[in-house]
Each structure stands twice: as structure tokens, then as C-alpha cells.
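K.L.:
Sequence:
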Amino acid sequence: MTVNWNAIADRILDGETIDRRDALAVLDAPDSDVLDVLAAAYRIRRHHFSTTVKLNYLVNAKSGACPEDCNYCSQSKVSSAEIEKYRLMSKDDIVDGAKRAASLRASTCCIVISGRGPNRFEVDRVAEATREIKQEFPDLKICACMGLLKEDQADALRDAGVDRYNHNINTSANNYESICSTHTYDERIDTIDTSKRAGLSPCSGVIVGMGESHDDLVDMAFGLRDIGAHSIPVNFLIAIEGTPLEDQPQPMTPRDCLRVLSMFRFVCPDREIRVSAGREPHLRTLQPMSLYAANAIFVADYLTTEGQSPRLDWQIIEDLGFTVEPMHNDIRETAQHALASASS
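Numbering-wise, the sequence shown is residues 1 to 344 according to the numbering used here.
There could be a bad hint or two in this list.
Said to hold, decoys possible - Cut-off 25 Å, straight-line C-alpha distance, at most; resulting in silico cross-link-like pairs (SDA-like, lysine to any residue):
| no. | residue 1 | residue 2 |
| --- | --- | --- |
| 1 | 134 | 65 |
| 2 | 141 | 193 |
| 3 | 150 | 303 |
| 4 | 134 | 155 |
| 5 | 196 | 230 |
| 6 | 141 | 155 |
| 7 | 196 | 239 |
| 8 | 141 | 190 |
| 9 | 134 | 13 |
| 10 | 91 | 306 |
| 11 | 150 | 136 |
| 12 | 196 | 222 |
| 13 | 141 | 131 |
| 14 | 134 | 147 |
| 15 | 141 | 13 |
| 16 | 54 | 127 |
| 17 | 54 | 314 |
| 18 | 54 | 85 |
| 19 | 77 | 65 |
| 20 | 134 | 52 |
| 21 | 85 | 300 |
| 22 | 141 | 177 |
| 23 | 134 | 67 |
| 24 | 141 | 315 |
| 25 | 150 | 190 |
| 26 | 85 | 67 |
| 27 | 91 | 136 |
| 28 | 150 | 120 |
| 29 | 85 | 305 |
| 30 | 77 | 184 |
| 31 | 141 | 122 |
By construction, these hints were calculated from the structure, which means they are not laboratory data.
Model the full structure from these sequences, guided by the hints.
P.N.:
Take a look at the structure:
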């Protein structure tokens, strides 16, 4: 059956919502339709985000020794992956990470700590660092990612100036027990709701390639739309050696990745969709095309895996005729000066 992808995009641009049948059709589209699907997704992306690309930067503020058993994660208790492990960074080191974020043209700095959820000391440390960051870089958005969150902790982060809280659903409710047993899908949803009630912008996304079906993928997209996620990172599984999913089959092609990103854009037309970890090995030479559906990326490295050069990220954006989401030049220059002074 021939699908008129532009007609679906027209309906979405007119304010209608896509149904499951059309969402599944995007994922099932033949390779010969991928460019047409992507062109329709780009019309929606351009309507809401023009041709800007938002850059996010990760600060891995605490690494390893997590008591949870998430099968995909190199930092979990079931992982034997050879990664750097360390306790929570000092306030100054977290602030230096934010300076690097600004120097790399990122408009959001994501402060991430491993663990089930933060203790009081960790919340206070991130809050203290955030206050200092905001004094020096008031326009740099701060996203915290610290695990399961309590209401008083969410309030403390908000009061310190944290703008956004990330807690990914990772997969569908139906597939969740196959990747984690130490906490539930519903606990993750509760944390997203807690961050929303505190006035933090909710960020939640997925990891594609963990044995989910197309129905599961559609469930993820509709679930994130319905809980009101403002920002949706779409990760593609990096099967890290030493994790339970190290031998997970990787049947995805770069065209599959483009179909997934397009489906998320169709379902969540006005949300920030960030093509995240795994884009380099899975999209390979088609990486630039992902930004016709997505409007954000991580610049530089991820948590325990390396990304590509920031200069290559900037070059991709420039070659597409797109622009990095603007940030004030004086902020970037201040960050570069601070980093240069620290290293001299």
C-alpha cells in the first residue's frame, strides 16, 4: 500500500495527532520510501525548530558502582566493563565541566551521576555547583540526571537553578522487565512526574535496539508524548563489552535509525528530539540526515563511551546549511578564557 507521507505531515501541521497505524507504517516503510518519510518529518521539524540544532554536553559527575542491574549499562552492578570509576566530582570540577560545555557551543549542560537515586550530599553538591554556574553563565541551561527523585530533592534542584531533569524510560512498559529488575517502569514515570510538579522541564528518552518490537517503539513514542516530555533523547544501543547486552544482535541499519527518528518526530512534532548515544556507529555515513528529523545532539563524548570530534559535529551542521542554537558570544568567550586560564 502506497502511503502519502506529505499528507500525514499536512495533518500533523494542521494540529492533528498521528495514530498508531501511521506510526507503525513509518517504521515499516520500505527503503525506497525513506527519503520521502524523512522529507515529511523535516517539514514538521522545520516548522517548529527552523534549521537550528541544539547542542547538549554531558558531565559524567559520578561514574560506576551503581547498585541497579540495567542490562545495557556499563556502570551497573552486573557490568564488568572496564570503565573509569570515581565518586562525585568536586563542585569546582562540575563547574569546569559547564565551562567546557559553553566553550563547545552547547546551550545545555547535563550533569549526570550514577546510582539508584541521589542522597542529600549529592543533591547539595549539584545544587551548589549549579548556583555557581548560573552566576557565571546565566543563559546556560542545566539538566540534572541523578536517578529516582523525591519531591524535596526536586524542589532543591529547582531552587538552585536547575532547569531540566532527565530520567529516561529507556524502553516500553511491556519490554521493561527484560532489561532491569531492580526498579520498575512505573518508578521511572513517577520520577518524571515528580520533576514536572517541581517545575523542572521533563526530559525522558529511549534506547533503541534492546530487543523491542515495532509496537514497543510506538508505545515508547506515545508514552513520552502523553507524559509531556519536553526533550526526548533517542539513543541507539552501544553493546558494551562486559554488559549483559554485549552480544545483543544489532539488526538496525542506518535507514532503520532514520525511520525511528522520523516516527518520533511524527508522534511528538513540537518536542526536542535529540539523536544521542550510538549515532556514530549506527547511522555511520548517514549521520547528517538524522538532523532532518531530530533537532538536537550531544556534542563530544557520552558517559563512558567516546563520541566524535566537536569540530566534526559543527561541520555537519554547517554543511547542512543549519545553525547551532544561538548563545550569547560573551558567554562562550568567558568560558574559553576560563578554561585557558585553568590549563595555563
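K.L.:
Give a verdict on every hint.
P.N.:
Do the hints match the structure? See the list:
| no. | hint | verdict |
| --- | --- | --- |
| 1 | 134 / 65 | 30 Å, violated |
| 2 | 141 / 193 | 20 Å, holds |
| 3 | 150 / 303 | 24 Å, holds |
| 4 | 134 / 155 | 17 Å, holds |
| 5 | 196 / 230 | 10 Å, holds |
| 6 | 141 / 155 | 17 Å, holds |
| 7 | 196 / 239 | 32 Å, violated |
| 8 | 141 / 190 | 23 Å, holds |
| 9 | 134 / 13 | 36 Å, violated |
| 10 | 91 / 306 | 24 Å, holds |
| 11 | 150 / 136 | 28 Å, violated |
| 12 | 196 / 222 | 18 Å, holds |
| 13 | 141 / 131 | 12 Å, holds |
| 14 | 134 / 147 | 23 Å, holds |
| 15 | 141 / 13 | 28 Å, violated |
| 16 | 54 / 127 | 24 Å, holds |
| 17 | 54 / 314 | 11 Å, holds |
| 18 | 54 / 85 | 29 Å, violated |
| 19 | 77 / 65 | 6 Å, holds |
| 20 | 134 / 52 | 24 Å, holds |
| 21 | 85 / 300 | 20 Å, holds |
| 22 | 141 / 177 | 33 Å, violated |
| 23 | 134 / 67 | 32 Å, violated |
| 24 | 141 / 315 | 23 Å, holds |
| 25 | 150 / 190 | 9 Å, holds |
| 26 | 85 / 67 | 13 Å, holds |
| 27 | 91 / 136 | 14 Å, holds |
| 28 | 150 / 120 | 11 Å, holds |
| 29 | 85 / 305 | 13 Å, holds |
| 30 | 77 / 184 | 16 Å, holds |
| 31 | 141 / 122 | 19 Å, holds |
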